[in-house]
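Engineer: Numbered by this note's numbering, the letters in the sequence shown go through residues 1 to 551 in order.
Just so you know, the hints here were simulated from the structure itself, not pulled from any lab data.
Check the hints yourself; a few may be wrong.
Said to hold, decoys possible - Simulated crosslink set (DSSO-like; lysine-lysine; CA at most 30 angstroms straight-line):
#, residue 1, residue 2
1, K291, K370
2, K547, K6
3, K196, K79
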Amino acid sequence: MYNDLKNATISNQVEKLTTCLVETLSINGTKGEVEIAKKIENILRSFPYFEENPKQVWVQYLPGDRLERKNVFARIKGKEDSKKTIVFHSHIDTVGINDYGELKPIANNPEKLLDFFKGWESNKEIQEQAQSGDWMFGRGSVDMKSGVAVHLVNLLFFIENRDQWSGEIIFMANPVEENQHTGVITAVDELLRLRKEENLEYIAAFNNDYIAPLYPGDTTKYIYTGAGGKLLPCFYVYGRETHVGQTLTGLDPTSVTSELNRLINNNMELTEQVEGEMVIPPTTLYQRDTKDFYNVQTATTSYLYFNFMIYESSPKEVLEKLKKISIAAATNVKKQYEKQYDLFSKKNNLPLSSCSWDMEVYSFEEYCYKLHKQGIKVSDETARIVANNSNMEPRMLCYEIVNRLRELDQQVQPCIILFYAPPYCPHNYLKGDCERDDLVLRAVEEIINEEEHFNKENFEIRKFFPFLTDSSYLSLHDTDEEISSLISNFPEWEKIYDVPVHKIRDLNIPALNIGVYGEDAHRWTERVYKPYSFKTVPLLLRKMSLKTLNS
Numbered sequence: 001m002y003n004d005l006k007n008a009t010i011s012n013q014v015e016k017l018t019t020c021l022v023e024t025l026s027i028n029g030t031k032g033e034v035e036i037a038k039k040i041e042n043i044l045r046s047f048p049y050f051e052e053n054p055k056q057v058w059v060q061y062l063p064g065d066r067l068e069r070k071n072v073f074a075r076i077k078g079k080e081d082s083k084k085t086i087v088f089h090s091h092i093d094t095v096g097i098n099d100y101g102e103l104k105p106i107a108n109n110p111e112k113l114l115d116f117f118k119g120w121e122s123n124k125e126i127q128e129q130a131q132s133g134d135w136m137f138g139r140g141s142v143d144m145k146s147g148v149a150v151h152l153v154n155l156l157f158f159i160e161n162r163d164q165w166s167g168e169i170i171f172m173a174n175p176v177e178e179n180q181h182t183g184v185i186t187a188v189d190e191l192l193r194l195r196k197e198e199n200l201e202y203i204a205a206f207n208n209d210y211i212a213p214l215y216p217g218d219t220t221k222y223i224y225t226g227a228g229g230k231l232l233p234c235f236y237v238y239g240r241e242t243h244v245g246q247t248l249t250g251l252d253p254t255s256v257t258s259e260l261n262r263l264i265n266n267n268m269e270l271t272e273q274v275e276g277e278m279v280i281p282p283t284t285l286y287q288r289d290t291k292d293f294y295n296v297q298t299a300t301t302s303y304l305y306f307n308f309m310i311y312e313s314s315p316k317e318v319l320e321k322l323k324k325i326s327i328a329a330a331t332n333v334k335k336q337y338e339k340q341y342d343l344f345s346k347k348n349n350l351p352l353s354s355c356s357w358d359m360e361v362y363s364f365e366e367y368c369y370k371l372h373k374q375g376i377k378v379s380d381e382t383a384r385i386v387a388n389n390s391n392m393e394p395r396m397l398c399y400e401i402v403n404r405l406r407e408l409d410q411q412v413q414p415c416i417i418l419f420y421a422p423p424y425c426p427h428n429y430l431k432g433d434c435e436r437d438d439l440v441l442r443a444v445e446e447i448i449n450e451e452e453h454f455n456k457e458n459f460e461i462r463k464f465f466p467f468l469t470d471s472s473y474l475s476l477h478d479t480d481e482e483i484s485s486l487i488s489n490f491p492e493w494e495k496i497y498d499v500p501v502h503k504i505r506d507l508n509i510p511a512l513n514i515g516v517y518g519e520d521a522h523r524w525t526e527r528v529y530k531p532y533s534f535k536t537v538p539l540l541l542r543k544m545s546l547k548t549l550n551s
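All chains should be built: construct the whole structure from the sequences, respecting the hints.
Structural biologist: Given below as structure tokens:
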């Protein structure tokens with residue numbers, strides 16, 4: 001690969017590498033993630049610097065991973081023995097290709113897809129883009145194999161120009177970004193090891209996950225100095241089952257989850273208002289009862305969980321907010337039952353009888369404390385559930401734990417239990433409250449101003465990358481109290497989703513995103529815009545890195 005790259009222009013280098021990487025399907029959860037890691041390792045080892053220093057390229061296997069996926073690392077040193085270090089990182093997995101339909105056989109063939117879209121008349125805009133020659137199509141083209149290619153090209157530049165910079169650069173390519181983020185989570189230990197053993201001083205981490213227009217006609221190129229976080233708040237609702245002929249004497253848990261859904265889903269009032277930032281409302285990802293076959297008994301339990309983005313709020317604050325909403329939902333459902341039961345009695349000339357539709361609302365931590373007071377060994381029971389269900393889907397495993405604890409409750413009554421399940425993505429941003437952060441911000445602002453002046457691009461610097469990103473796991477702002485609240489309300493945190501929150505906070509690398517640019521990530525029309533992504537982005541990252549390391 002080095003021989004193919006060494007005499008090419010920067011744009012051709014990035015295009016050649018992007019095509020090479022897209023051609024290897026690396027769908028999340030498949031062996032393709034292993035194959036792409038091996039391909040990247042081989043590309044790195046073809047560079048003369050790494051032929052002379054083979055130990056400067058290495059891999060880190062993800063512990064217990066059934067596919068034996070791995071992170072790929074490379075490390076280079078500049079002209080002087082400075083310990084200032086920047087990190088180039090990208091993820092190497094993609095979503096699947098079922099959305100390509102009959103085009104699945106060429107989903108990883110940019111050339112054939114380009115030919116198809118040149119003649120595709122169903123969308124004139126996409127057809128014109130294909131005919132322009134400025135766009136590359138294919139799964140992973142924008143999300144984000146072009147980003148990996150940019151970092152590889154820049155790594156080669158810094159290798160060949162070591163007399164121009166001081167310090168160190170670490171490259172890492174991580175799998176498993178598209179769901180559990182376990183690649184970068186595992187990499188935290190490796191980055192801490194390097195810092196300790198080599199006395200490195202981490203200045204910044206540059207991700208180049210894709211950016212896209214935020215609205216029709218948007219041509220702004222966004223630079224992000226941090227990452228939004230994500231929580232997955234879950235609601236376990238235990239009602240009171242009954243025969244459908246006596247439906248109003250029961251308490252249907254689906255009525256409660258439906259009310260919770262109405263109060264939470266897409267509710268912008270629950271979204272933080274952060275000036276100048278794009279914020280996303282909570283979104284329902286799962287809602288259903290637990291009946292697995294037909295009968296005329298109403299459901300006993302119902303499950304509901306949400307995608308909940310966080311920017312400056314803590315998991316503790318979100319939990320408190322959602323508990324208040326849960327109490328409101330329980331009250332609303334109770335009033336509705338009372339109203340309908342009254343109408344039912346009047347229409348059928350029946351006397352009113354005493355019936356309660358009261359519900360208790362607990363956080364997981366509060367419910368565990370309730371059981372503890374009953375003498376139940378909660379931790380022993382939850383550990384047993386995990387041990388006996390090692391292959392269960394992680395979110396369903398959390399629900400299995402909560403359901404078992406409810407079965408052990410000696411004072412059982414209708415209730416809502418609120419807890420967190422995976423994934424959890426921390427939020428972070430450059431606060432500018434220390435010399436290091438100021439240095440990085442100044443470097444970004446100066447380079448952006450130069451680029452706007454000479455190349456007429458329109459840039460905007462924002463705090464929070466608007467999508468989920470591995471950058472979340474390189475820095476964390478929450479306090480010990482806030483972290484404790486998260487873990488206490490997350491069933492079997494250490495066994496199900498042990499995010500090393502204290503290590504991430506200790507690592508504390510400012511995480512910036514200067515992304516490749518394109519459209520329709522996660523769609524079969526996915527495409528990357530070559531002029532900006534293959535030339536402007538690598539040059540931006542190159543200049544920012546030089547200014548940061550040499551300041």
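Engineer: Is the straight-line distance between the alpha-carbon of K196 and that of K79 30 angstroms or less?
Structural biologist: holds, 22 angstroms
Engineer: Check the hint pairing K291 with K370 against an upper bound of 30 angstroms on the C-alpha distance.
Structural biologist: holds, 27 angstroms
Engineer: Could you grab the alpha-carbon distance between K547 and K6 and see if it respects the 30 angstroms cut-off?
Structural biologist: holds, 24 angstroms
In summary, this structure violates none of the numbered hints.
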